[in-house]
Every structure is written in C-alpha cells, then in structure tokens.
Amino acid sequence: MAVQQTQVTPLPDRRKPTDASQVYSQVVERYARLFDNPGARLRFLNNTLAKQNLRQQELRQSLKRYKFLENTPIYEWIMEARLYSSILEELRAQSVHVPTHQRARLEDVDIPLKARVVFFCQRFRHVFLTAGLVAAGVLLFGVYSLVMWSGNKVSAFFANKPETTATQPTGEKSGEPPAPNSPTSTSGLLNRYPENVWLISSSAESEEYSNGGRILRTYETTNRPRSYYLIPRNSESGGNQIRHEPIGIVYHTTENELGEFTADNNGSIQQQSTNILSFVRRQRSYHYVIDRFGRIHRMLPDNQAGNHAGHSIWADDKYIYVGLNDSFIGISFEATVTAGETVKMMTQAQVFAGKQLTDILRSKYKFADANCTTHGLISVDPTTGTIAAHYDWAKNFPFEAMGLSDKYQIKPAYITDYGFTWDETVLAKIGNELWPGALAADAEFKQRAERAHISVDALRLKLRERYKEQYARQKAMQGQPVTLH
Amino acid sequence: MSEEKNSTTPAAADGSGEAALGLDIGTSRIVLAGGPNGHKAQTQLNAFVSVPYSKMTEAILQQNKMVYQRNGKEMFVFGNDSERFASFFNAVPRRPMQYGVLNAQEAMGQQIIQAIIESMVPRAKKNELLCFSVPGRGEGADSNLVYHESILKNFLQSLGYEAKAINEGLAVVFAELQSENFTGIGISCGGGMCNVSVSFLSVPMLSFSIPKGGDYIDYSVSQVTDESITRVRLAKEESLDLSRQPKDKIASALHIYYDEVINLLVEKLREEFEATKQLPKLERPMPIVLSGGTAKPRGFLQKFEAAIKRDGFPVPVSEVRLAGDPLTATARGCYIAAISEIR
Chain D
1 MAVQQTQVTP LPDRRKPTDA SQVYSQVVER YARLFDNPGA RLRFLNNTLA
51 KQNLRQQELR QSLKRYKFLE NTPIYEWIME ARLYSSILEE LRAQSVHVPT
101 HQRARLEDVD IPLKARVVFF CQRFRHVFLT AGLVAAGVLL FGVYSLVMWS
151 GNKVSAFFAN KPETTATQPT GEKSGEPPAP NSPTSTSGLL NRYPENVWLI
201 SSSAESEEYS NGGRILRTYE TTNRPRSYYL IPRNSESGGN QIRHEPIGIV
251 YHTTENELGE FTADNNGSIQ QQSTNILSFV RRQRSYHYVI DRFGRIHRML
301 PDNQAGNHAG HSIWADDKYI YVGLNDSFIG ISFEATVTAG ETVKMMTQAQ
351 VFAGKQLTDI LRSKYKFADA NCTTHGLISV DPTTGTIAAH YDWAKNFPFE
401 AMGLSDKYQI KPAYITDYGF TWDETVLAKI GNELWPGALA ADAEFKQRAE
451 RAHISVDALR LKLRERYKEQ YARQKAMQGQ PVTLH
Chain P
1001 MSEEKNSTTP AAADGSGEAA LGLDIGTSRI VLAGGPNGHK AQTQLNAFVS
1051 VPYSKMTEAI LQQNKMVYQR NGKEMFVFGN DSERFASFFN AVPRRPMQYG
1101 VLNAQEAMGQ QIIQAIIESM VPRAKKNELL CFSVPGRGEG ADSNLVYHES
1151 ILKNFLQSLG YEAKAINEGL AVVFAELQSE NFTGIGISCG GGMCNVSVSF
1201 LSVPMLSFSI PKGGDYIDYS VSQVTDESIT RVRLAKEESL DLSRQPKDKI
1251 ASALHIYYDE VINLLVEKLR EEFEATKQLP KLERPMPIVL SGGTAKPRGF
1301 LQKFEAAIKR DGFPVPVSEV RLAGDPLTAT ARGCYIAAIS EIR
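For the record, the sequence lines run as chains D and P.
If you're matching positions, the first sequence starts at 1 in my numbering and goes up one per residue.
If you're matching positions, the second sequence starts at 1001 in my numbering and goes up one per residue.
Honestly, the hints are just simulated from the structure, not real lab data.
A quick note: this is a predicted structure, and the numbers were derived from the prediction, not measured.
Just to be clear, a hint being listed does not mean it is correct.
Stated by the list, open to error - Selected chain P positions facing chain D (in silico; Cβ < 10 Å): (1) Val-1203; (2) Leu-1206; (3) Ser-1207; (4) Thr-1276; (5) Pro-1280; (6) Ser-1340.
Cβ coordinates follow ideal geometry from the N, Cα and C atoms, glycine included.
Just chain P, same shape as in the assembly (with noise of 0.2 Å):
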C-alpha cells in the first residue's frame, strides 16, 4: 500500500502542553484534544470515499493536496477531505463506524480508521498516556463494544501510548461538570448513538448508550422525504431550528425524528434510573450536560429539557446545558482524565 498525507500538526506535539492526549473516536468525527487544558483540538470527519485507481484521479488528489490511500485499483480520501471529494464526485461518504463501534460491513473500516488517527496522532516519545472515547453499553452493542476497544487501544499501544478507553458520557462529564467536582449527567449526541453517564464525584455509577444518533436520523430523513442523505445533512447543519415550526418537508421530517430520539433518550434514562441501585443518596440536584452534533442544532436543549420536564425525572435536575463546544467535548474530558492519571 503506497500512502501519502498531509501533514498535519498534532496538538501535543507542539511541547506546549502536558504529555497527555484525549481522543474522541465518534462514528462520524474523530478530535483529538492537547496542548494547555486540551483546548487545542483538531478534529476529522470519520469517513472515505472510495475510488477506482487512475492517474488522472490521482492527479487531481494531488493537485488538491487530499489526504488518500491507495489500495491496489482502489483509492480511498478519508478525513475531511472525503466530505469534499464526494461533493466533487457526487458519491457518498462511507463510514468506518456505525453505531459507535467498528462497522462489520466495511472491510476496510479498521485500515481507513487507523489511516484517520494516524494522520492527526504522533508516535509517542515515553509512553504518553491518550486516554480515548468508546461507547457505553446498549442494545446490541455489547459484544461488539470489547473488540471495538481492543482493536483501538492495541493500535494506540502500538503508536507508543498508554492507551486508555474512557466512557463517552464520563468524558463530557470530566470536561464540562468541574465546577460540580464531577457530579452530575454526561450525554453525547453522536452520529451513531447517544452516550449517557452518570457520575458521582467522578465515578460513573450508571452508564448505557441508545443506538440512536444523527445518523439514523438522517437516514430516517431520507427515506420519508426521498431526498439524499447528504442533502438531509446540509439541511440539518444550516437551517435547522427546533424551536420553530418547520417550513418544509425535511425540517418537518427532522423535528419528528429529533423528537423521537429525545423521547427515547429520556425515557432510557428513567428506566435505568428507576432500575439501578448503585445510586448514593444525592444531596443536591444534578445538572444535564448535552454535547455532540446531534445535540448541536437550535432548539435541541429545549425539547430535551421539555421532554425531563414532561413526566417527572426520578432525580431532581439542577439545569440542563449545553456544551461549551459540543463538538469538542468528549475529546477535551478524554484529555483531562489522561491528564489526571500522570502523577
């Protein structure tokens, strides 16, 4: 396999920031969080585009300074260049992932996805420590969750870390919830599913993921209104209020199945709730803290919020929030619980 980047700078190997990294490995963006308080992120979209060898496409790659791998007759653009390639080409993006862990149907899932982290991760001097995000458990993900895990963090050792996986919704809660000394609800609103934890002082004490995201809404989208998913997207990312009413059929579309994922989320949370008995006697409320780019689009917090308000919670909620940086998030709390394991 002959191979070509683009050089990227990694935000740790600059020596400004402690010997640590954060890595959210999401089913549609992968960020890496360094440097001072992992503040300096970097982020790529978790996907390739796919195309038949010839030099004149590879040419054009060139000339546009893409990332790509080649494989024999094939050439793969992965990254966020993948997202401009299929706009180019008029294809669609695949993805390595689904549903937050490695995706069975893409043979090249885990080449491309090592391809991906490569490209923004350096080779360790000593040993650094990167703590990385995997996915809570949930329906139909548990077998899949531990060798999605090893293969990660074996290919992260063999970078030169100490690699360590991190709860998705613990890492929001690690990178938003310092001032409650780590107590309270970490939700990520991913591509593939929504992760939630909650943690007490910093231990999770409940923690479980819906197979539900944007990616499912998306393709929900598509298919009642007939128009392509990259389409649906961009509808998504630009236009979307949810505290309005729709204007049109796609936003219509959106609102339904936003409403659906909210209302599932929710009510997982009560069952779990209702369901554990880990739980110590909390003192005070706790607060929400919503991240990804599903929970991105305007309105979002207030539907959620609605739908906590709508049948009671089984814990009294103190606020629910947004993310400083939803997109960030889960990739900043990675950073700090590497960061808290230095000593």
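Bound conformation, chain D alone (with noise of 0.2 Å):
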C-alpha cells in the first residue's frame, strides 16, 4: 500500500461553505489524498465518513432536548474535533498496512490540537473514567466526612449549651497561680451524645422509653428539691449562680451482700435486691438502681436531691460542683467492690440497662459527657485529706459500654483543684494501683504550689478549707448540718 508523498493541503477557509457538512467533506478529502492506494482511500473515505456520521448521529441525539445548541459554535467545535479525531483513529489503524518507512507520514500528520485532544481523551477514556470514579469517590468521603465532623460540632454545642451561658471566671488570687484551664477539661475528649430518647408510655408502677428502657416505680419515694451552687472555675468566689437542675450523672454500687449469679440461686438474687431496695428507698439514697437482673428502679423523682455522694467534688471546663447530693443524679449497680479486686462486678443485663439509663436521663437533661462520672472519682474525706473516701467504680468502670469517654484519664478536680491525696490506706482500696488521671492531677498539683512558691502541703491545706467553706455554704443553702463525714 502506497502514500503519497505529498503535504496535505491547509484547511478550507470555513466561511466559505455554508453547510458545515461540506466543511467536513474537505477535511476529510485533503487526509484521503494521502492514501496513492485507492483500495486504502476508499477504507479511509468510507469508515471516517461512517463514524463522523454515526457520532454526529449521536451527538444529536444526546442534545434531543437542546436542539438550540446545533446552532451554537460549541456544537461545531465538537463536531470539527470528532471529525478530526475519526480521522486519526484511521489514520492509525490505516497505517499498519502501509509500509514501515512511510508509517510516520501517516502518524505525523498535521492535525488541530483540539483534534488531538479528543483523540486522547477518547483513546484513554476508561483510564479518564475509573480515575474520575476514584475522585468522585474520594471527593464524597470527604464530603461525608466533613458533614459527620459538623454534625458532631453541632452535637457539642447543644450538649454545652447550659454551660456556655455562664460566665467565665477569670479572676485570681494575687500570689496564686490560676488552676490550669485544662485538669479536668474533656476538650478533645469524646462528646459522644446519645441518641434521642423519649418517654412513650408512663404508668404509676413504670416508665417505657423509646430506647427500650423501662423504669420501674414500686420503690419511688420523695426527698427535698435540688439546690445548688455553680461555683466558677479557678476563682475566689464560692459562686452566685443557684441551680436546681441536675447537672451529671454518679455511678455508685450498692454494697450489700450478694449471693452467686446462677439460676439455682435466684429465689437468693430476687430477696437480696428486694432487701436492698427497700433499703435504699429508707436512706433516700440513690436515684436509681439497676438490680442484677438488669431491672431499672426509681427510687427518687430526678428533681430532687439524693444521699448518696457526701463530701465530693467534680469540675468540669467552667463550674466546680461540691457536695454532688444536690447537683447529680445517683446511679447505682447493685454490686460490690471488694477491696484490692475491682472486676466483674456487674452482670451483662446491668450493663445494658446501665446503657439505657445513661442514655435516657442525658438524652432528657442534656447531661454532658464530662458530667457522667463515678463515685470512687468524686469522693473525698475532708479530715483526712485524702481521695476515694468511698472507692466503688475508683477502677474498672465500663465508661465505654455506657457511651462515655474514660474518665480514669482525667485529671480530677479534687486533686488539682483542692489538693487532696492518697495514703497507704486508699490504695489499699483500689488495689495499691492509682489510675492515671489522679498520678497526671498531682504532679500538676505539685507543679502549682511549686510556681505559686508555696510548699505543697500548706497549699493542701488551704485550699481544704476553701473546700470546707464551700461544702458548708452548700449545706446552708438547704438548711441542714455540717458534718465532715
């Protein structure tokens, strides 16, 4: 098979013709004159001719419902492309047949750019599609990413939004270092909030939520409403600010005597938790508490205050709770911690209903989870300084089973905020191992009293009474005695 061995000849002037087929026509010819072969010219002629015909064909259908577009210069752009991308698509299937040293001719010839272009993108089209799909792929992750992201932003401006309308202290003790923003800041730590729960069926005997959680009234009894102060962060003062709505949650055990959790024993199980309930609802001390059977019990309306923390602190990023009877909500396992041995101390049902629980009250109050914490983490003995008075949950509670973050890595506020400690004594409690929220708040306690240039144990010392005070104010505030304990 032959070429020519001539140039092809420039383009028609294209405002001449005024059919944009004939433009085509002369495209096509002057590429056709390459070929001296006329068995090769009339392939040529004939297959690009089927194709521009077959695509215009195409294109026209495509732009059915816009047919106005044939008339704009857009669609002869395309069309000129195509036309010249047909004619190199043939060009190089049509120069396997020509001899190797006329083969170049054929592959070199002069064609637009825009021509090339589509020649190119129609060539490698599916290396341009499965790259776009990655794109797009990578595209709506990010996209989804980015609304998850702002969705749980938006989760953790709601859920602090009874905080944020306090105001920040700011002021400080002269000669006292300011307590560090960040001892028991959940910032950067989980936020999870529950999903909405809601109330669907209400009785006397109970309550049936829409979470599946049901709570159970038999033993619900009435104590005095809730009262207290929200005493601001790294200040002098005890607070101004009265709240009567619970704030978080304390998980406690119960500690009563408990048989073994097998079926042959339950007649012992059912009378232990009822032995225990009865007593619970006689102190008034719990507001909940969840049998081992995994049966949720009201004991007190959540309005109103419960016996069941004493002397204890907890902070989160702008108030300091005191004495948290007043300001928390008591949940309680009917479980029991033996010294030194804090595993397996729940059944799986209580678990699950301790989930539910949690979920219920913080869906209704809007409980932060920086809020939802454990009586071994609040509890303190004023007289003798020291931490985790009461040490149920000080270790191994499931914070993780109850959508919360791990409080055990937060620094607590009775340490870096009033300095109390530990002896020989409570790590005896808690198995001679301290969790390392409590090692991380003391040293940055020491660090503190060692800035302010004041030992460590006078700035104990004063910083207990400060808590003395304020636990004091608090008991004033419902008009009952002191005790230290």
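Take each chain as given, in its own frame, and dock them per the hints.
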C-alpha cells in the first residue's frame, strides 16, 4: 500500500461553505489524498465518513432536548474535533497496512490540537473514567467526613449549651497561680451524645422509653428539692449562681451482700435485691438502682436531691460542684466492691440497662459527657485530706459501654483544684494502683505549688479549707447541719 | 451431469494480490479482476450454445479444447468458446442473462452462469472477500434484482467467499475516479442495460438503470436491416465510428439506435437529478466516466458529450471521459471495493 508523498494541504476556509458537512467533507478529502492505493483511500473515506455520521447522530440524539445548541459554535467545535479524532483513529488504524518507512507520515499529519486532545481523551477514556470514579469516591468520602464532623460539632455545641450560658471566671488571687484550664478539661475527649430518647408510656408502676428502657417505680419515694451553687472554676468566689436541675450522673455500687449469680440461686438473688431496694428507699440515697437482672428501679424523682455523694467534688470546664447530692443523679448498680478487687462486678444485664438509663437521662437533661462520672472519682475525706473515701468504681467502670469517655484519664478536680491526695489506706482499697488521671493531677498540683512558691502541704491545707467553706455553704443553703463525714 | 473444463488460472490464485476479488457479472460478459491493484483481469463471454449430444460432436469439442457441459442428451458450450462454436456451426449464442439480470426464459441459464463463474473463480481458501456487480433499480428490473442478487450471492458463498454486491455504476466510480476521491458519475453501458451511479466521496447518492444496451441496439438494427445479430455485432465491433457519417445501412441503423440509447440515458439522468433531494451541495463540477462494451465504439464519447451539452445538465460537469479499459472497469471497481473492506 503506497502513500502519496504530498503534504496535506491547508484546511478549507470555514467561512466559504454554508453547510458544515461540506467543511467536514473537504477536510476528509484532503486527508484521503494521503493514500495512493485506491482500496486504502476508499476504506479511509468510508470508515471516516461512517464514523462521523454515527457520531453526529449520537450527538444529535444526546442533545435531542437542547436542539438550540446545534446552532451554536460549541456544537460545531465538538463536531469538528470529533471529525479530526475520527481521521486520526483511521489514519492510525490504516498505518499498519503501510510500509514502515511511510508509516511515520500517516502518524505525523497536521491535525489541530483540539482534535488531538479529543482523540487522546477518546483513546484513554477508560483510564479517565476510572480516575474520575476514584476522584468522585474520594470527594464523596471527604464530603461525608465533613458532614459527620460538622454534625459532631453541632451536637457538641448543643450539649454544652447550658454551661456556656454561665460566665467564664477570670479572677485569681494574687500570689496563687490560676489553676490550669485543663485539669479536668474534657476538650479533645469524647463528647458523645446519645440518640434522642423519649418517653413512650407512663403509669404509676413504670415508664417505658423509646430505647427499650423500662423504669420501675414500685420503690419510688421523695426527698427534698435540688439546690446547689455553680462555683466558677479558677476563682476565689464560691459562686452566686444557684441551679435546681441535675447537671450529671454519678455511678455507684450498692455494696450489699450478693449471692452467686446462677439460676438455682434465683430466689436468693431476688430477695437480696428486694432487701437493698428497701434499704435505699429508706435512706433516700440513690435516684436509680439497677438490680442484677438489669431491672431499673427509680428510687427518687430526678428533680430531688439524693443522699448518695456526701463529701464530694467534681468539675467540668467551667464549674466546680461540691457535695454532689444536689447536683448529680445517683445511679447505683447492685454490686459489691471488694477492697483491692474491682473487676467482674456487674452482670451483662446491668451493663445493658446502665447504657439504657444513661441514654434516657442524657437525652432528657442534655448531660455533658464530662459530667458523667463515678463515686470513686468524686468522693473525698476532708478530715484526712484523701481521695476515694468511697471507692466504688474508683477503677474499671465500663465508661465505654455506657457511651461515655474514660474518666480515668481525666485529672480529677479534687486533686488539681483542692489538693486532696492519697495514703496507704486509699491505695490498699483500690488495689495499690492509682488511675492515670490521678497521678497526672497530683503532678500538676505540685507544679502549681512550685509556681506559686508555696509548699505543697501548705497549698493543700489552704485549698482544703476552701472546700470546707464551700461545702458548708452548700449545706447551709439546704438548711442542713454540716458534718465532716 | 458429466463435465469437462479447460483449466484457467484465476487472477487471485497466483498469490500475487491481496485476498480479494472483483467480479463483473454483465449480460454479455463476465469479468474477473484480481492480482495487484486489480489489473489482472480475465474475461468470459456470458453466453452459451447448446447442441444435441453425439460422440462426434463431443470429439470435435475435445479436439478443439472447448469448454462444455453435457446434460443428458444435450451439450452446452459456454464462455468464450461459445462464440467460436456458434460461428463454426452457424448457430446463434444464447444468453443466461437478459437486461442485466438472470434470464427467466433460459431454463439452463442459472447453471450455465454458475459454470462460467466456476471456471473463472477458484474456491476460496479462508472466506476471502469477493465483490460482484449488480444492476441498479430500473424499469421492470426491481423485483428481479433481489432474486438475481440472492442467487449469485448464495452461489459465490458456496465457493467459500464472503460475497458482497456492488452497484455497477458505483464500481465504475471506484475504478476510475480515485483522483476525485470517488466523487462523480459512473456509467456502465453494457449489453443488457446501462447502469448509472452518482457518488459523493464514495457514498452513492443516486443509482438507476435503463433497460437498453448493446443487445437492444443489435436486435433493433438486425430487425430493421434484416441482417443477423452476429453480423450486426461484427459490424459494430469492427468498423463502427459514431463520429462519422454512416456509410451503409447497418451503420445508419446503429447510429440511430445509439442516439436513442444515449438520449434516453442523458434524459433519465436529468430526470433523476431533478427528482432527488439527497444530493449534497456540490462545490465543484463532477466528472462523468463511461465504461462497458457499448461505450467502446469510436464517437460514443462525443455523442454523449453533445447530448449533455444540448439541453443543459442539472449539475456542473467537469469532464466526460471514457474508462481506461471500458471492458474491465466494473470488475476493477468491484475489486477495489473488496480490498477496501479488508481490515
């Protein structure tokens, strides 16, 4: 198959012919002259024109609803580019029939850049499609992640809303360094929020909730209304703002006698539950008790104080809570903590019910994750200046199973803000090993004393006195006598 | 049927060309084109003579190495030998085709035409392409065309070819108008009819035929001059010059009937151009190429040109020319079509 040795003549002047197809014909004709062999020339013409015709039909079909586009320059541009692309395809296809020394001429003809681009796109369309799909996937994933991140941020904002209404304290006594803003900070930690849970039915005997939670009211009794100070953090002030709604949850254990949790011991288990429920009712200690079968019993209304926390301290980013009976809801699991042993204390049913109840309360009162803690992490003995006076859940509380962040990683306020510490007795009770947050908090407290050029013991004493004052003030508001323990 | 054939070397059987063949199946001739560029052509008359079987006749045929077929009590001499045999026995050759298609009045027509083709076209090795010519639509030929095309296609496929029909006029365009990128008017003036195709960049825009050709002229002249068709044909092929005044009765009659055919052809062309809406806007004049045995006599081209100029023509014509080899142009065009189909 021979190829003519003439160059392709310049393209026709597009202004002269009135019909676009004439322009296309002229273009095809000029390239057809590259072929000297009549069969090859005929093949080139037939194939190129057939392709162009087909592509024109396809384009018309796809633009069926936008016929006006056919009269626009962009349509002509596309058609012309596709024509050149067809020519290129055909030239390349035919070049294999041409002697090697003449092949370069067919592959190296003068074709406009736009046509080469279209040809390139057509040739590598599968690669482009794959890359496009990957890019779209990445983009979608990015958008999804952004939406999720924004959603979490919005949830966090609403979760913290009650707290943000309060003013941020700034005052600091001279000579005493301000407590760092971070000891009990929950920033950067999980601030998960439960799904929306609502009450679906209520009776004198029980309440049922949308997450399957069922609260039994058989043992429900009354105590006194809640009332507590919001003590601004890092401030000398004891706080003037009084609040009557619960701010969080403290998890306890009942510490009653427990039999082996087996089927043949069923009667005994139930009897023990009945005994502890009756005891709790009389003492008005907890708001809820979850027995070993996972049944949730309400003991006190949520808007009333319970006798579950006594001498205790907890703090979130903005406020310190002292004597948590009035500010926190007490949930107690029917379980016992043996000194030095803190594992395997709950049944599966209790864990499940604990999560249900946590979600019900958090959904109802919008409790921040930061204010859901355990008795062992709040309880203090002001007479000895030690922590973990009550050591239930001082370790191994399944925060994650409750949908909460691990508070054992947080520096507790009773150490960072009040200088409470531990002794051998405390260590013996909790298995001779402190949780990471306590150790970090103690180190921070010592640095704080050093920065303030005051001995650690002197600072402890001073802050313990402050605690006592704040606790007495809290009790006085309720018209109750102050006891040290 | 016992048969005996002379051994011919088909054009593509020598392996010199590409694996494609072009076959012009005309009313009076069958032409095979193959080899490099399709220039290797082989021609056989599309005619036969039948004689009663006798041992002596068969011996004569064998002595003269003529191609024949015996069918019971009859013997058929066909192809180029039919003419020699006819003059030897003073017989008139018969035609398996009439007006461009299979002759329904010849019972043996189909078998004879197949025998002629078989004598020219070798069996395909691996589904090679073969393009064969068919006439265009025309007066009274439309329904026969389908039958004609199917019979030939099936037969060629039975020889192992991938057979494709090509309009005769278009084949002329393919053979002769390469330099115009296959844009122009191709006219094949054959024995049975004249075929016309108007092509734009190899795409047929208009194709038709008229049922008058060389046979019509021969027959008409024979009728009016009371001469045998063989003699008329001889006069036509040996001494006819349409550009000069006729010298005898036969020449005069030939002039008259040639004029009729040419005028009819040009008139039909005008009509078809005016009736069609398919033609693209032509930016340059179109060439006209004439081919076929009927176009061969001297002066035919001038007469045709004069007819075109006489009353004007619907499209501008750049030139009217005769095909390089009018007898093989259609076959060569078929060959080019076949080659273009090979990928």
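Okay, the hints, checked on the actual structure:
1. Val-1203: holds, 7 Å
2. Leu-1206: violated, 17 Å
3. Ser-1207: violated, 16 Å
4. Thr-1276: Violated, about 17 Å.
5. Pro-1280: holds, 7 Å
6. Ser-1340: Since chain D brings a Cβ to about 4 Å from P:Ser-1340, closer than 10 Å, the hint holds.
Going through the hint list in order, the structure does not satisfy hints 2, 3, 4.
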